[in-house]
Amino acid sequence: MEAPPVTMMPVTGGTINMMEYLLQGSVLDHSLESLIHRLRGLCDNMEPETFVDHEMVFLLKGQQASPFVLRARRSLDRAGAPWHLRYLGQPEMGDKNRHALVRNCVDIATSENLTDFLMEMGFRMDHEFVARGHLFRKGIMKIVVYKIFRILVPGNTDNTEALSLSYLVELSVVAPAGQDMVSDDMRNFAEQLKPLVHLEKIDPKRLM
Amino acid sequence: MGTTCHIMPVAEGKSVQQTVELLTRKLEMLGAEKQGTFCVDCETYHTAASTLGSQGQAGKLMYVMHNSEYPLSCFALFENGPCLVADTNFDVLMVKLKGFFQSAKASKIETRGTRYQYCDFLVKVGTVTMGPSARGISVEVEYGPCVVASDCWSLLLEFLQSFLGSHTPGAPTVFGNRHDAVYSPADTMVQYMELFNKIRKQQQVPVAGIR
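Sequences listed follow chains A and B, in order.
So for the first sequence, my numbering puts the first residue at 616; every next one is plus one.
So for the second sequence, my numbering puts the first residue at 7; every next one is plus one.
Bear in mind the hints are in silico, worked out from the structure with no lab data behind them.
Here a beta-carbon is modelled for each residue, glycine too, at the ideal position from N, C-alpha and C.
Heads up, some of the hints might be wrong.
[Unchecked claim] Cβ pair distances, simulated, as ranges:
id, chain 1, residue 1, chain 2, residue 2, range
1, A, SER646, B, LYS111, 53 to 61 Å
2, B, GLN167, A, GLN679, 51 to 59 Å
3, A, VAL768, B, ALA110, 40 to 48 Å
4, B, GLY65, A, ASP731, 36 to 44 Å
5, A, ALA777, B, LYS204, 26 to 34 Å
6, A, VAL768, B, ASP186, 48 to 56 Å
7, B, ALA54, A, LEU703, 19 to 27 Å
8, B, ASP186, A, VAL684, 36 to 44 Å
9, B, SER21, A, ASP731, 38 to 46 Å
10, A, ASP731, B, GLU200, 13 to 21 Å
[Unchecked claim] Here are the simulated lysine-lysine pairs, PhoX-like style, with alpha carbons at most 20 Å apart:
id, chain 1, residue 1, chain 2, residue 2
11, B, LYS66, B, LYS114
12, A, LYS676, B, LYS104
13, A, LYS676, B, LYS66
14, B, LYS207, B, LYS66
15, B, LYS114, B, LYS104
16, B, LYS66, B, LYS32
17, A, LYS809, A, LYS753
18, A, LYS757, A, LYS816
19, A, LYS676, B, LYS207
Produce the entire structure from the sequences given, and follow the hints as far as they go.
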């Protein structure tokens, strides 16, 4: 079902609806180094940042056809960092010429008892995984190159196995609704990464 | 951040407003300095009927609270359950969850009043209102330097007696379970939730005043 364009929705409670603009691609393991090298040259000058995150996806089933999905993410290598709760809406099917996938997004930093709280609310964990990779920034654009690891024993993040022989590359921007020029900037940046990686708008529904 | 405790005094034969004035005058006589205002509010959500059927359990009440002392935070809690401390985007999430959690609009309760600083003590005297009507008084006393409840409860008690006299309460339940644990803002919000629930259950305080 198509979501109504968020730009037409009222601004509730004084907050602006934030949208996530997303382009995705992938590279095989052996091409990782060249990609990292190119990104280090193109992106903002900063210490190379790596991360190890554990993400759990929770569903709340109601009488509606589609369950409500929330993503809870925590850092495994940064002690004391808050947990990150994220809601992602349905992709907006507006403009076919728009270069990036656009969806409503709400990001919330929370305390550590997030999973207990979500269970109390009625959410149930659907799946979890560990993401390990590199983070780059260029202005407001965030580029993440990471590998997904399947968790073999639920809750045990030390015992994991790689899901594939490749790295997922994501270029994303979180910006207020209505700023479509953002996707043009993203496309221009993505052009510079060719032919190492082809970043494109991938509709998650077409994969299912 | 220190250790706080809340009480709900209602003076004999006086209205809410008069009791608040009495307390603030006593504090000013003690030498406390007025330091701005405060506000703590609480909204109640319950699981929508549509979600209940699939879960097969009784609907739970979820409280979403804000405290002007922590302006960038939002507290969400279940009675006898976990208290989540989140940033203010949690309110935006509750709007998205409208289909699953319905807000009981009529039961939004809040307390507003003045903050008084007296040396290491921060005293907040507020009027608890539900909609347009004043339903009671909340007094919060925070002892800044100490974060372990059991270490400073007797000091807090002594200070409370100095300006509340006979209305001084017993130790709050949050202290009871984990006496030696570090006190946190979530504990303050649990106390406010219990206070608001007590006031909600109480009959509306008539002008003549009852205890």
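Going down the list of hints, with the structure as the test:
1. A:SER646 x B:LYS111: 53 to 61 Å: holds (56 Å)
2. B:GLN167 x A:GLN679: 51 to 59 Å: About 55 Å separates the Cβ atoms of GLN167 of chain B and GLN679 of chain A, which means 51 to 59 Å holds.
3. A:VAL768 x B:ALA110: 40 to 48 Å: holds (41 Å)
4. B:GLY65 x A:ASP731: 36 to 44 Å: violated (19 Å)
5. A:ALA777 x B:LYS204: 26 to 34 Å: Given a distance of about 55 Å, which is not inside 26 to 34 Å, the answer is violated.
6. A:VAL768 x B:ASP186: 48 to 56 Å: Violated, since VAL768 of chain A and ASP186 of chain B (Cβ atoms, about 34 Å apart) do not stay within the stated range.
7. B:ALA54 x A:LEU703: 19 to 27 Å: Hint holds: Cβ distance 22 Å, inside 19 to 27 Å.
8. B:ASP186 x A:VAL684: 36 to 44 Å: Roughly 40 Å apart at Cβ, these two residues keep to the hinted range, so it holds.
9. B:SER21 x A:ASP731: 38 to 46 Å: With Cβ atoms ~42 Å apart, the hint holds.
10. A:ASP731 x B:GLU200: 13 to 21 Å: holds (20 Å)
11. B:LYS66 x B:LYS114: Satisfied, since the Cα-Cα distance of roughly 17 Å is no more than 20 Å.
12. A:LYS676 x B:LYS104: Roughly 14 Å between the alpha carbons, so the hint for LYS676 of chain A and LYS104 of chain B holds.
13. A:LYS676 x B:LYS66: holds (16 Å)
14. B:LYS207 x B:LYS66: holds (17 Å)
15. B:LYS114 x B:LYS104: Satisfied, since the Cα-Cα distance of roughly 16 Å is no more than 20 Å.
16. B:LYS66 x B:LYS32: violated (41 Å)
17. A:LYS809 x A:LYS753: holds (17 Å)
18. A:LYS757 x A:LYS816: holds (16 Å)
19. A:LYS676 x B:LYS207: Not OK: LYS676 of chain A and LYS207 of chain B at ~32 Å, beyond 20 Å, violated.
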